[in-house]
Each structure stands twice: as structure tokens, then as C-alpha cells.
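Each chain, written out:
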Amino acid sequence: MAVKKQDNLKYYMIATVLVAVSIVMIFSGTNQTPPVDDGVNNSNLRIVSLAPNITEMLFVLGVQDRLVGRTDCCDYPPAAKNIESVGGLGIANIEKLLSLKPDLLITPNEPEKEVYKLISQAGIKLLVVQAPNVQGMLDELFEIGQAVGRPELAKRVIAEMQAELDVVARLYKGADHDELPRVFIEISNDPLVTIGGRSFINDVVTRAGGVNVAAGISESYPCINPEKVIEWDPDVIIPCYMGNKENIAEQISGRIGWDGISAIRSGQIYSDFPGDLIMRGGPRLIEGIKILAQHLHGKSNKEYVVR
Amino acid sequence: MHKQKSWIIYLVLLVILAGACGVSLFAGAVRVPISEMFESGIIQLRIARILLAIFAGAALSVSGVIFQALLRNPLAEPYILGVSSGAGLGASIAIVLGLGTLSIWALPATAFAGAMLTIFLVYRLAREPSGVVPVYTLLLAGVIVNAALSSILMFIVSVSSSDELHNVVWWLLGNLQIFDWQLLKLASFVVAVCLTVVVILSNDLNIMTMGEEPAAHLGLNVERTKKLFFLLASLMTAATVAACGLIGFVGLIIPHSVRLAIGPDHRRLVFASALAGATFLVLADGVARTIIAPTEIPIGVVTTFIGGPFFLFLLKRKKRSYWC
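Same order as they appear, the protein sequences are chains A and B. Note that numbering that gives the first Met the number 0 gives residue 60 to position 61 of the first sequence, counting from 1, and the numbers run on in steps of one. Note that numbering that gives the first Met the number 0 gives residue 81 to position 82 of the second sequence, counting from 1, and the numbers run on in steps of one.
There's no promise every hint is true.
[As the list claims (entries may be wrong)] Pulled from the structure, derived: some chain B residues nowhere near chain A, Cβ distances all over 12 Å: (1) Gly21; (2) Asn145; (3) Ile206; (4) Ala287; (5) Phe312.
[Claimed, not checked] Each pair of labels, with its calculated beta carbon distance range: (6) B:Leu313 to A:Leu97: 32 to 42 Å; (7) B:Ser157 to A:Ser119: 22 to 32 Å; (8) B:Gly262 to A:Pro131: 33 to 43 Å.
[To be verified] Quick look at which bits of chain A chain B covers, simulated, 3 or more residues with Cβ under 8 Å: (9) 183 to 192; (10) 223 to 233; (11) 244 to 250.
In case anyone wonders, no lab produced these hints; they're calculated from the structure. Quick caveat, the model's predicted, so the values are computed rather than measured. The beta carbon of each residue, even a glycine, is placed where N, CA and C say it ideally should be.
Bound-form chain A, shown alone (with noise of 0.2 Å):
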């Protein structure tokens, strides 16, 4: 009897310590991820991304585990890259898409018609989004709070951001158009393209208190010829692409006749820039906006929070 009593305790030991076990393991699993439940039970809702920044947004408002397909392009945050892809940025796989079963679509390009229906006969919810400028994304953001039930943590979210802004915003309050740095941003250097006014970059730098010399051009991304820049004469060239930017401040301080511009003479060369911050209309702009505005006006983060 004895022996089978302390049978039991063992096991009622065992059970206890599984108990607290899994009990650590759910907090710790819901500590990653707050538990916001705004009153819609969107638990099971299955959601397939096919752009970028709209799987950092998902990631944002917390519902990456209800993300089910991705692009090949989507790769940030890391974790992105585990979930599954349909195909690449603009030509995801119809066969793959469906296959996943979701319930909501969330893309930037409105579907072909063919698609379209297929799309509205397996019962997807289809959502379109289109950012033009920041406010745009931020406005985003609510609408794809919305659709995955979370509109509570996106309003949270999105205030947060919109105070970071306003911050940013401060440092160059009170300055004339004239008194800002003219900025030239390269996003290609062979040939050598730049960002219109139409572009969302455009506001990722009028934000950060910067003039786009290119904002003139209507294009989005236009291939310029570089004898403008050398009249644009910029205060700040800002290199964009990715790859390798060890040298491209000499490279760009050695083109032919560009000896002249103020930001070259000046060495205003910001090859350190993180352009992948400003590349994606995604969450990630706001970092992007606050980097460059501490750049280009010269204040450390602490300075333009206590003001």
C-alpha cells in the first residue's frame, strides 16, 4: 500500500511539474505575441500576402501566425522567409494560392478579371492596398487592422507612429522651404535613376525635412541625366541601392563634372544611409523618416525628445 501511495505521489509530481511546464510555455508563447482580442474571433483566419510591406504589417499587428503565404520577395522581418511562398512579387502561382486555402487576400495590384473570379468564387476575401505617401500607409495599416481583427492594437500602432512623426517633425519646424537641405536620392547608379515626386520616397523625405531635388518629375523612379544633378546642385546625395557601398562616396565624388556640387564640395555624401528602411512602403518608413531626419539635421535622438 505504502509503496503504491508513493506511486501516486510520483505521478501527481510528474503531472504537476507538466502542468506548470506548459503553463510557463503558453505565457511565454503569448509574451511574443500580446493576446489582443478585439472582439472578433479571427483566430482560424487565413491570411496570404502578396507584397512586402504588407507582410511587415502583418507581422506588425501580430497576426503572422494567421499569414499562410507570402512572396518571394517578402523577407523581413526573418521570420517571414518560413512561411510559405506563392510565387514572386506581381506573379503569384493561382494553383499555389488557392491551395492554401485563405480567407483573406491582401494585395497591392487589383487582380486580372480571370483571377478576380476565381478568387471571389473560392470565397476569398480580396483587399487592395495602395499607398501613395506615408499618411497612406499609416491609413493601410488601419484597414488591414481592420480586416484581420485587430483594429484596436492598429490604432495603438499607428498612434505611436504618428507621435514619432510629429516628433521628427520638430526638428525642423519653423524653417523656411529655403533653409532645408536639397536632397538627391540615387536609387541606381548605372544608369543613374532617382526618385519623382509621384514616389512615396518623395514623402519619406519631405517627412524627414528634406527637399527632393527631383520632386519636378512626375515619374516615379525616372533615369536622369546627370548633367541635372549638376544643376539641381543638392545639398545631401543619398546612395539607395543595396550591395556593396564601401566606395561609392568616391565613386560619386569622381564623376566627370560633378567636381562642382555643393554636397560633394561639402563631403554631404550619407552612404551609410539604410535604404532598405526606406525602400518598402511597409512600417519600417518611420525608422527610415527618423534616421534621415536626424541626419540631415544634425541632432542626436535624445536632443529632439526632450525639446
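Here the structure of chain A is known, so what remains is to put chain B in place on it, guided by the hints.
Just chain B now, with coordinates in the frame of chain A:
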């Protein structure tokens, strides 16, 4: 008589080229007052660009003349044996690997290497054990290698991310933007040396167009001549592609137009084509950088857009067969 007439032709073409350069020097995205003309960096840029256009246009046209003569095929042009896709593949691999920003030399060097490797491959594929390189085998090997490399290029384009893709496509469309004097000097040195040799040996091209057997009977070392011209044309094309990407149609229509105007004698055709090609590219680049300035359109678009209809017009107008 013949000598005199040649000089007149060259003089006329030189005057037209000078005129084109003059126009091009004053045309651009930015208006420069004449008083500031020589102090401004803008003029340096324009001069570099015009020089590049001259060398690229001459190189592509003369390569076209050589390939048309060697392959005895009116459709032959500098890119027919795969130089273009070889260079494109080299450059796109460099862009996708992020090497394009490493140095000003990265893209030109990889494009040049790709072009020369392709030519070497095509030549080796076509060469028979006896050392003879039949032109039809060469042509077929070239076209197939071109197609195969293009498919790899398209594969890379389809799997690359959107911003890389943008750069690859822009590069492939051709552009005469030049940022570095050294690059311009090197490319023009290669082209100038090759051009000089071709002009000196241009009579051999006349003999080659008669067919290989008659040429051999006339005492020409056919295989050696073929190899030499093949190398010269490839070097010029590769240097051009490395410096300014792919510029289509120049190498096809300029030799044909010049042949139509002054006849098929290569002793005149080579140098005249060089001048005409240079003029055409200087003007085409003028259009490319002014039509929607300050935005540029790819020069390949201009050459093909003007060149295509012009070529059809020539074909339609042609009463007698000028092709020998």
C-alpha cells in the same frame, strides 16, 4: 578617281558628324549660357558622352560590316553570335550579386568578360578538328548559344527582386551615361586600335565576300583572316557593350544604308560606316536625353524606333540587289 571620290565621301561624312556633335553639345537637360560653357561641369559631361557615342557608333557599325562580310549574311550584326547575351548575363549576375556598386569598373568588367567568354565558346563550338571554322556552323552555334544565354538571363531577371530587376532591365536597354574618364579612355583605345587594323586590312573583307574558296585561290589565308576579323569585331563590340550596354540596330542598318549609298567596296565601306554610325549614335543620344528631359529614355529604344522603319524603307525602296 576612286581615291578622290573616297576623300569627298569622308569629308562630307566628317562635316555631318561635326555638325551632329555641335548640335549635341548644345542640347541637353540643362540650358547652359555660352559664357559659362567652358567652366561648367555640364559641358565636360556632354563632351564625354559625345565621345562615347562616336566610339560606340563607329565600333558597332564596323562590327556589323565585318560580321555581314564574314558570315555572308545580310542579317548579321554585332550581337548575332551571342556577344549581347553573354555581356548581359555577366552584367546581370554582377547586379544581382550586388557587385554593381562596388566599383565603377564592376559592370563593364563583368560585361566584357561575359562577352569574350561567349565568343570564345561559340568559336570553339564551331571549329572542326581540322581547324576550319565553317561560317554556317559558326552562325548556328552563335544563334543557339545566344538563345541559351538569353534564357538564363531571363531566368535571373524573373527570380531577382524588383529593384535589381529594374537595374538589369535599364542596363540591357543601353545607355550612354559615362561617369569616368578612365573607362572612356580604355573603351575608345580598344575601339580605335581595332578600327585602324580593320581599315588597313579592309581589302581582305572584299576578298572574303567572294566566298572562301575564291579567296583561298587568290592567296588569302582564309582561316587566319576569318579568325582575325572575328576577334577584332568581337573586341570592339564587347568594349562597347561594356561601356554602354546593348544598343541595337546600329550595327545592322548603318552598314546597309552606307552600302546602299556608296556601294559595297569595303575599302570605303569600313571607314564610311564608322563615320555614319558615329553620327547616328550622337544624334540618337541627343534625342534620348532631350525628348523628355531631364528624364532619359534608353538609347536602344531610339535607335530601334528610328532604325526599324528606316530599314524597312530601304528594303522597300531597293530596286536592284546591292548585296554582293
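Each hint tested on the structure:
1. Gly21: holds (17 Å)
2. Asn145: At roughly 24 Å from the nearest Cβ of chain A, Asn145 of chain B sits farther out than 12 Å, so the non-interface label holds.
3. Ile206: holds (42 Å)
4. Ala287: Contrary to the label, Ala287 of chain B does not stay out of reach of chain A, its closest Cβ about 9 Å off (not over 12 Å).
5. Phe312: holds (30 Å)
6. B:Leu313 to A:Leu97: 32 to 42 Å: With a Cβ separation near 53 Å, Leu313 of chain B and Leu97 of chain A fall outside 32 to 42 Å, so the hint is violated.
7. B:Ser157 to A:Ser119: 22 to 32 Å: For Ser119 of chain A against Ser157 of chain B, whose Cβ atoms are near 28 Å apart, the range 22 to 32 Å holds.
8. B:Gly262 to A:Pro131: 33 to 43 Å: For Pro131 of chain A against Gly262 of chain B, whose Cβ atoms are near 59 Å apart, the range 33 to 43 Å is violated.
9. 183 to 192: holds (count 7)
10. 223 to 233: Holds: 7 residues of the stretch 223 to 233 of chain A have a Cβ under 8 Å from chain B.
11. 244 to 250: holds (count 5)
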